[in-house]
Amino acid sequence: DQQVKQNSPSLSVQEGRISILNCDYTNSMFDYFLWYKKYPAEGPTFLISISSIKDKNEDGRFTVFLNKSAKHLSLHIVPSQPGDSAVYFCAASAGSQGNLIFGKGTKLSVKP
Amino acid sequence: GAVVSQHPSWVICKSGTSVKIECRSLDFQATTMFWYRQFPKQSLMLMATSNEGSKATYEQGVEKDKFLINHASLTLSTLTVTSAHPEDSSFYICSASEQGQYEQYFGPGTRLTVT
Numbered sequence: 001d002q003q004v005k006q007n008s009p010s011l012s013v014q015e016g017r018i019s020i021l022n023c024d025y026t027n028s029m030f031d032y033f034l035w036y037k038k039y040p041a042e043g044p045t046f047l048i049s050i051s052s053i054k055d056k057n058e059d060g061r062f063t064v065f066l067n068k069s070a071k072h073l074s075l076h077i078v079p080s081q082p083g084d085s086a087v088y089f090c091a092a093s094a095g096s097q098g099n100l101i102f103g104k105g106t107k108l109s110v111k112p
Numbered sequence: 113g114a115v116v117s118q119h120p121s122w123v124i125c126k127s128g129t130s131v132k133i134e135c136r137s138l139d140f141q142a143t144t145m146f147w148y149r150q151f152p153k154q155s156l157m158l159m160a161t162s163n164e165g166s167k168a169t170y171e172q173g174v175e176k177d178k179f180l181i182n183h184a185s186l187t188l189s190t191l192t193v194t195s196a197h198p199e200d201s202s203f204y205i206c207s208a209s210e211q212g213q214y215e216q217y218f219g220p221g222t223r224l225t226v227t
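Taken in sequence, the protein lines are chains A and B.
Start counting the first sequence at 1; every next residue gets the next number (the working numbering).
Start counting the second sequence at 113; every next residue gets the next number (the working numbering).
Simulated from the structure, these hints should not be mistaken for laboratory data.
Heads up, the beta-carbon is just placed ideally off N, CA and C, and yes, glycines get one too.
Mixed in with the good hints, there may be bad ones.
[Stated by the list, open to error] Heads up, simulated SDA-like pairs for lysine to any residue below, C-alpha to C-alpha not over 25 Å straight-line:
no.	chain 1	residue 1	chain 2	residue 2
1	A	Lys107	A	Val87
2	A	Lys71	A	Pro82
3	A	Lys104	B	Glu199
4	B	Lys167	A	Gly95
[To be verified] Beta-carbon label-pair distances, calculated as ranges:
no.	chain 1	residue 1	chain 2	residue 2	range
5	B	Ser127	A	Ala41	45 to 51 Å
6	A	Glu42	B	Asp139	36 to 42 Å
7	B	Pro198	A	Lys54	43 to 49 Å
8	B	Ile124	A	Gln81	34 to 40 Å
9	A	Gln3	B	Lys167	35 to 41 Å
10	A	Leu11	B	Asp177	40 to 46 Å
11	B	Ser117	A	Asn7	22 to 28 Å
12	B	Thr227	A	Pro79	16 to 22 Å
[As the list claims (entries may be wrong)] Example chain B residues on the side facing chain A (calculated, C-beta under 8 Å, incomplete):
no.	residue
13	Ser155
14	Leu156
15	Gln172
16	Ala184
17	Tyr214
18	Tyr217
19	Gly219
20	Arg223
21	Thr225
22	Val226
23	Thr227
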């Protein structure tokens with residue numbers, strides 16, 4: 001059973017608009033959540049993270065929102081740029097040094 | 113900061129031979145290193161977790177005698193695919209994390225093709 005789900009395999013957004021990538025989880029023991037960006041044939045690049053004690057974390061154009069009661073988090077990218085086109089993975093961890101459980105990823109395409 | 117390198121970036125080998133992939137943390141001490149495998153259009157599949165100086169912990173279904181992992185220092189882990197077969201062809205990615213940190217930093221990956 002998938003503990004981390006990214007239900008949208010793909011998302012297409014116009015340049016300059018907001019991209020919203022969603023992620024749901026089932027394990028209430030997860031206490032840390034991360035977003036990674038991945039280009040083909042490359043390793044994932046860490047983007048932004050959030051602890052379960054927070055509901056929002058912002059870094060430049062990237063903001064992650066966490067709704068613990070709904071077991072849902074989202075990544076907002078605004079404004080979206082063509083260079084943001086990649087696969088975005090949501091990951092969750094229960095305790096530091098624990099394994100990261102990854103979602104299947106959402107492919108974002110930002111059109112000029 | 114937090115740079116992880118992998119070598120080689122791609123390798124082609126013949127069936128039955130062994131291949132070693134290196135993973136290095138360049139600017140931090142990696143107390144824990146992870147090895148993943150990614151199939152086309154699929155998510156990252158964790159193969160094993162290794163702590164420096166300890167034996168690796170393998171995920172269910174991963175053959176420890178086939179995928180040998182060594183984490184001899186705080187900056188280097190190696191994955192050796194022994195007696196490789198065509199079905200072992202995949203994209204192998206390592207990651208590393210520091211003591212007490214959640215974030216894992218990934219290497220660029222190694223494309224293995226077994227002919």
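Taking the numbered hints from earlier one at a time, note which ones the structure violates and give those numbers from smallest to largest. 2, 5, 6, 9, 11, 12, 15, 16, 21, 22, 23
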